[in-house]
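Undergrad: So the chains spell out like this:
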Amino acid sequence: MVSIEDYVARIEETCGEEKDFIVIFKYDKKEQAVAKILKKAKIEKSISAIIFELTFKNVSFRLYGTGKAIFRDLKDKSELQNVLVDLLL
Amino acid sequence: MLDPYKIREDFPILKRKINNHPLIYFDNAATSQKPKQVIEAIKNFYENHNANVHRAVHTLSQEASELYEKAHEEVANFINANGMEEIVFVRGTTEAINLVAYAWGLRNLKKDDEVIVSLMEHHSNIVPWEILSKINGFNVKYIEVNDDGTLNYEAFEDMISNKTKIVCVSHVSNFSGVINDVKRVAKVAHEHGALALIDGAQSVPHLPINVKDLNVDFLAFSGHKMLGPTGIGALYGKREILEEMEPFQGGGEMIREVSFDTITRRCSITWNDLPWKFEAGTPNVCGGVGLMEAVRYLRKLGMENVNAHECMLTEYAMQRMQECQKVKIYGPKDASVKCGIIPFNVEGLSSHDVALFLDNYGIMIRSGFHCAQPLHEIFKLKSSIRVSFYIYNTREEVDRFIEVLKEIEQV
Chain A
1 MVSIEDYVAR
11 IEETCGEEKD
21 FIVIFKYDKK
31 EQAVAKILKK
41 AKIEKSISAI
51 IFELTFKNVS
61 FRLYGTGKAI
71 FRDLKDKSEL
81 QNVLVDLLL
Chain B
1001 MLDPYKIRED
1011 FPILKRKINN
1021 HPLIYFDNAA
1031 TSQKPKQVIE
1041 AIKNFYENHN
1051 ANVHRAVHTL
1061 SQEASELYEK
1071 AHEEVANFIN
1081 ANGMEEIVFV
1091 RGTTEAINLV
1101 AYAWGLRNLK
1111 KDDEVIVSLM
1121 EHHSNIVPWE
1131 ILSKINGFNV
1141 KYIEVNDDGT
1151 LNYEAFEDMI
1161 SNKTKIVCVS
1171 HVSNFSGVIN
1181 DVKRVAKVAH
1191 EHGALALIDG
1201 AQSVPHLPIN
1211 VKDLNVDFLA
1221 FSGHKMLGPT
1231 GIGALYGKRE
1241 ILEEMEPFQG
1251 GGEMIREVSF
1261 DTITRRCSIT
1271 WNDLPWKFEA
1281 GTPNVCGGVG
1291 LMEAVRYLRK
1301 LGMENVNAHE
1311 CMLTEYAMQR
1321 MQECQKVKIY
1331 GPKDASVKCG
1341 IIPFNVEGLS
1351 SHDVALFLDN
1361 YGIMIRSGFH
1371 CAQPLHEIFK
1381 LKSSIRVSFY
1391 IYNTREEVDR
1401 FIEVLKEIEQ
1411 V
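Those sequence lines, one after another, are chains A and B. If you count the first sequence from 1, position 19 lands on 19 in the numbering used here, and the numbers rise without skipping. If you count the second sequence from 1, position 174 lands on 1174 in the numbering used here, and the numbers rise without skipping.
Read the hints as simulated data drawn from the structure, not as lab findings. This structure is a prediction, so every number in the text was calculated from the model and none was measured.
Sample of chain B residues at the chain A side, in silico, Cβ under 7 Å:
| # | residue |
| --- | --- |
| 1 | 1019 |
| 2 | 1352 |
| 3 | 1356 |
| 4 | 1360 |
| 5 | 1368 |
In silico lysine-lysine, DSSO-like type, Cα no more than 30 Å apart, as pairs:
| # | chain 1 | residue 1 | chain 2 | residue 2 |
| --- | --- | --- | --- | --- |
| 6 | B | 1134 | B | 1163 |
| 7 | B | 1382 | A | 19 |
| 8 | A | 19 | B | 1406 |
| 9 | B | 1015 | A | 30 |
| 10 | B | 1382 | B | 1134 |
| 11 | A | 30 | A | 45 |
| 12 | A | 45 | B | 1017 |
| 13 | B | 1326 | A | 42 |
| 14 | B | 1017 | B | 1406 |
| 15 | B | 1134 | B | 1380 |
| 16 | A | 57 | A | 26 |
| 17 | B | 1380 | B | 1326 |
| 18 | B | 1406 | A | 42 |
| 19 | B | 1141 | B | 1238 |
| 20 | B | 1017 | B | 1300 |
| 21 | A | 36 | A | 57 |
| 22 | A | 30 | B | 1017 |
| 23 | B | 1015 | A | 29 |
| 24 | A | 45 | B | 1382 |
| 25 | A | 45 | B | 1406 |
| 26 | A | 42 | B | 1382 |
| 27 | B | 1110 | B | 1165 |
| 28 | B | 1187 | B | 1163 |
| 29 | B | 1380 | A | 77 |
| 30 | A | 77 | B | 1382 |
| 31 | B | 1382 | A | 75 |
| 32 | B | 1380 | A | 75 |
| 33 | B | 1328 | A | 19 |
Heads up, the beta-carbon is just placed ideally off N, CA and C, and yes, glycines get one too.
Isolated chain B (complex conformation) (with noise of 0.2 Å):
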């Protein structure tokens, strides 16, 4: 098991305190706080071997690039990719999905073909099918949600045809925590010829997670939500469908060649390889720097320990909140089948009333929709409050919220 104290002496931002009270940080599923290790390798680039990466041939330039290689390298190694060339480096999961989006799907999805996504996604495996559907003329297909809020894979079985060119789903719902089986809805989504993308942002800042054995064709994941910096994160794509994608955005680092045919007047290009075909632009090198020590970090601790720790706080968390009245959670009550996540209300009053009283103690939890506006409307939930752990939490930061919670019932 994790030493969640030892850990949060890593944690500079944990000393902090809220209104007089200790910090206590139950948002993590929208960000997570970053050790001081992550801290010190971003300071330590940017005082030492801050330059462009790729192309000049001075000493920094080539310290950089090495970073940045090795950052994609231990990124893969993470999720048991087979190399770099399977990793492309973007703003997050957001982007990552966009990527694929435009990229393969621009290309590869025509009229009458459908793309299936689930009622618990997150806005950001929706929007980017839905703006697409209007250009393309596709369909979006939603898989139902059962009461629990697990995915109805009945459903989804029986929805699925040779017309669904992919499967977009979530790994663990940022709302409830709960964990898709993704294996097999890649399997599904395959047997019927289908690609399967899975939305990797709340299950790989916390699960073990081994590609190969899940075969998903592709995962999107945040650095910011495992310990790294914002502004980087991660595609992983099969190398053979990546191989066949055209870029998706153009631009220097893409490019192997771009020359000019004085006949024709225009230009010739050449994708660069793999991943940097997706990679347009000077990236986020110190980012991608930050990432991979977030990486070690976790792989130190090791990820079965990372999922065991959130597993038991989520499990004492939810037994406790029994004790108030007037709380209501929602989803599975089962913690072994959930990711670290509990959505709940408290009878009367709003979830922002409620994220403020916390707030006035120092405990920062998330209230509104979480940027899953459909999942909350099928439960008919105005909004709802999200605690969500990591790492670094503990069973006294659980005892404090429920002190609170218990005040919050009187009010």
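Only chain A is shown next, with the shape it has when bound in the complex (with noise of 0.2 Å):
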């Protein structure tokens, strides 16, 4: 069965006041990842076609085409988890 450990390497969580999550994709991966979420999430902005600022589920997030996403103002990790699920499954 698929799940989001597939496609993710790594969960960087930032300490201080900004709580952000940065995701990793997996290497061989981070193409079919890039793609799936440019499927399902809003592009609000493109920048030069390799930074994509994005909202789903009114989560705001950037993502990068080098297989790299920012996520902030969520709750916790498993809040991110499950957007990750929606966005990759």
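Two independent chains are provided; combine them into the complex using the hints.
TA: Take a look at the structure:
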């Protein structure tokens, strides 16, 4: 069964007031992950077609063509995982 | 002056491309890249000389022991210590500070005593003292930092008293790059009967260091920030202080004798000579060999030249960053009081956003707190971006960085 672990290599949780989550997709799956996300999320802004500002179910985040995404204003890691499940699976 | 283009030929990693862009490595305060001379020394050790050190009489062990001891000597010479007895190899700066905290502090710090640290310290020079204070009941006091990120010496001199037993200050701030006058700090500490421990993680790789001139009691630094491998660093300690101290960890190598008394049914132990008394267990021999090669490389360049090159780059980068409307630089504006580090933010963007954007263009910088959260809180910063230079960085790399920074401003 496919899970988000198939796409996600690591999740970096930043400390301090800015509770950002940085999701790093697996090198060999990053193009698939980026394509899936771009299909489901709404593109608010695209910068040189390599950086995308997106919204999905009231969650705004930024996706990088290099296979990284930064999520903010999420309650906790489990909320992030729910969003990733909806985006990737 | 250094020739960074010639130097770059020694660093294989700098030929890499990241996201189809030439790698620009501006995260040197976190760790430095390694020249082929260091990589070769490590390879040569494992291919030709690998054995455990001391005790064994066979040829390989003798060779490995000689190399490991020579590494201590070369590191001692690099900072002008009296000899290898004053150089303890550790995993890095963090372990060096913990060694002092536990081997010296545990026995010498009591209730009502005071330890002074500064608010600009890396967590590694705060946390061990806070942990130990919970055990021994002493007080930890923090030296304030001025608005420009420099140390408030007047506040320090007002705060120190005869209750102070040790003053722990970084030589160079890992956030702002500010160079602290640790000679002055040590002098004041000694006038009050206290010791001075200096975190040299950001100074030893970048400045000429003379521990005799600075007259500090301890100096902690890491090999991996000065072209050496990870997992090796050093604690310099004045011989007479190290001799008085009890060991940090127990095990093989740090003992001369462990004899069993058949009457008391206990073992009596005598410690080994310096520096081995503080190096329990099989040490990181290969790490030591790599660090020795790194020190040789830096000595050949000349530390004055290393510092001058970084000063030039810092000044140039700070000047060019003024062209960016949304960039705010923290700390002193005078590059000569700094050491190759520029902290900043881009208005309207989080530090991690900027780091990911730069990564997209092959530019590696650090975002977050850089293990200096208290200082960020003082400056009311949620986080910051840090660029830090080393011997292989060039003005052209700074130009490219500015180009991308200007693009980021358009986001």
